[in-house]
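Single-letter residue listing:
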Amino acid sequence: MSTNKIFSHIYIEQEAINYPDTELILSKFKNAQIIEINNYKEIFNTPRQNWRIQKKSQKLILAVKKAGFLYKGTSVAQNFKYENFYYNSLILNCLYDCDYCYLQGLYPSANAVIFVNNQLFQDTVEEKLKTEIPLYLCISYDTDLLAFEGTIPFCSRWIEFARKQKDLIIEIRTKSANFNTIQNIKPTDNVILAWTISPSSITQEYEKLTPSLDARIKSINAALKKGWKVRLCFDPILSVKNWESVYSEFLDRVKRDINLNLVSDISLGTFRIAKDQLKRIKKERIDSSILYDNFIENNGIYQYTTEQKEKMENFVISKLHSFGIQAQQIERVEI
Amino acid sequence: MIIFHTALFVEAKPLIEHFKLTKDITNSSHQIFSKDDIFLIISGVGKVKAATAIGSILTKQKANIENLILINFGIAGSNSENEIEKLFLINKITDFASQKSFYSDQIVKSTISEKEIITFDKPVSKTNLQISIDKQIVDMESSAVWESARVFLSSSQIAIFKVISDSLESKKVNGDYVTKLIKKNISTIINYAKNLEKLLLDTYPKCLTNEDIIEIEKLIKELKLSHSEKLKLIELSKAFKVKNKDLSLKSLLNQIPINSKSLFSILQIQ
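From first to last, the protein sequence lines are chains B and W.
Okay, so the first sequence: first residue is 0 according to numbering that gives the first Met the number 0, each after it adds one.
Okay, so the second sequence: first residue is 0 according to numbering that gives the first Met the number 0, each after it adds one.
One chain only, chain B, in its complex shape (with noise of 0.2 angstroms):
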């Protein structure tokens, strides 16, 4: 039995019909079925969707966001010492299918959602550039902008974007091995691609529709060699069986297939999951042992004991220092 293709249908808010995005996205899916729709919330805010059912057959929503265009960072995610951090929300879900990601637990539906009128986004950090300077922005939080990009170019747009604004620092955090679709872009140092890299046997078995270790050590390599400001992300470090050795193998792989001296810092992490995800995210992924550690539970987010964790964490923080990696090149998730 088969299933539809990604993005077989793509559903169209009648006042996002006619912005230069949505020609843009619908050159590119000429066979999908086109339904228009009045408001994005009246399909992916409804109860009771299956997100590994629509998981299988992903659709595409085109609308135009109202109001949040800029949101201020939380504690489960790292701020690098910014005081103003904050993360926007360009496109919601994302086109992998990780058994740990928060997303399952966070929106109702699986379907992506593309909002069309990109620059108010833009036009609202201007606005906040002009009362909170240095600005850190996360612009691939809530999704993998990157992973997006052949469908629509923000991570180009917003690297332009950014060369122009002296006081902002974005990051662009993603699984892609796509490098390649914003290779002929110039460099700039506010701009930060900071790339998730985990074990080949965690990416395999729990990290679904992402590239192989392999075509994302290529991607991370052609942006170091064009001069790009590249961070390490290992998060979520999960307690798998045998972790210790997988975790050792991993790291001696990054440290000999990636010149470590030219990446910008590191960030690390745990598995953490506010408890209401996780509740939901259960409830869906029926079938993934990761969600079945004994968590403890530390202000409404699970997360491994403390015990577990600072040995998971320290096991790969001496391990990067072994390397030569400087302890205020590593960043640590503080919850």
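Mixed in with the good hints, there may be bad ones.
Below, simulated BS3-like cross-link-like pairs (lysine-lysine); rule was C-alpha separation at most 27 angstroms, straight line [stated by the list, open to error]: (1) W:Lys108 with B:Lys27; (2) W:Lys108 with W:Lys193; (3) W:Lys61 with B:Lys281; (4) W:Lys12 with W:Lys22; (5) W:Lys205 with B:Lys274; (6) B:Lys278 with W:Lys242.
It should be emphasised that the hints constitute simulated quantities derived from the structure, not laboratory data.
Fit chain W to the supplied structure of chain B, relying on the hints for placement.
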């Protein structure tokens, strides 16, 4: 389990014949037919009758609600003569009275053409139609089927099919003709329904086997577990099964002394 719904008996007849369904004579409020895991309910025409029928049959099947799909099929009208006798899978339903729209998930791959439908409270014809319809078809039940089913089911568990029987002329459609139209398309509808059911069951495999559930129920009774302890036991049992796919819950539980403290700690460390 697949539950089919139609408004009219003449629409349902080909399905009854296909599955050799038998009538449930104990039900006086609706005509219900069934065989094994296939059910059919016939509601009568209109939104209220459709919503009542759907609510009634889904309430009865509450225990199976996560594992069933609901298929509505029947005739509809179209402004286009060219669409007469064609089968459509509905992707958007608009209730004309409330102007609310609903969207189905469209996950299963199929060659059936898709269409939007508008549901009216009264029969409509070209002469009394208050709006211009070019890409939609019309009927008198779909929005009610969708709204009442969505109280119980996810959007992935429902599909609506319509065969065009008339081009909105005021003429009454002959019953034998309706049966003929549905009969021509019933295999396609059944095939889609079975694929949708398979998708649902494959996507959400049962974590605990029937043997596991019997074992858990036995323990709950023997240890007189409270409601919260019961939930904890189910959660820990699921965790055990996910982490130890090849091991039996029964064999593990049979090794330990029967008291709730040892039970929870042994499950926790697995």
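query: Does lysine 193 of chain W lie within 27 angstroms of lysine 108 of chain W when you go C-alpha to C-alpha?
result: 12 angstroms, holds
Holds or violated: lysine 205 of chain W to lysine 274 of chain B, with C-alpha atoms at most 27 angstroms apart: 23 angstroms, holds
- request: Would you check the hint for lysine 108 of chain W and lysine 27 of chain B, treating anything up to 27 angstroms between C-alpha atoms as holding?
  value: Holds - the C-alpha atoms of lysine 27 of chain B and lysine 108 of chain W are around 20 angstroms apart, at most 27 angstroms.
query: Is the hinted pair lysine 278 of chain B and lysine 242 of chain W satisfied, with a Cα-Cα distance of at most 27 angstroms?
result: 17 angstroms, holds
- request: Please work out if lysine 12 of chain W and lysine 22 of chain W have their alpha carbons no farther apart than 27 angstroms.
  value: Holds, because 12 angstroms separates the two Cα atoms, which is no more than 27 angstroms.
task: For the pair supplied as a hint, lysine 61 of chain W and lysine 281 of chain B, confirm whether the alpha-carbon distance does not exceed 27 angstroms.
output: With Cα atoms ~21 angstroms apart, lysine 61 of chain W and lysine 281 of chain B stay inside 27 angstroms; holds.
Of the numbered hints stated above, none is contradicted by the structure.
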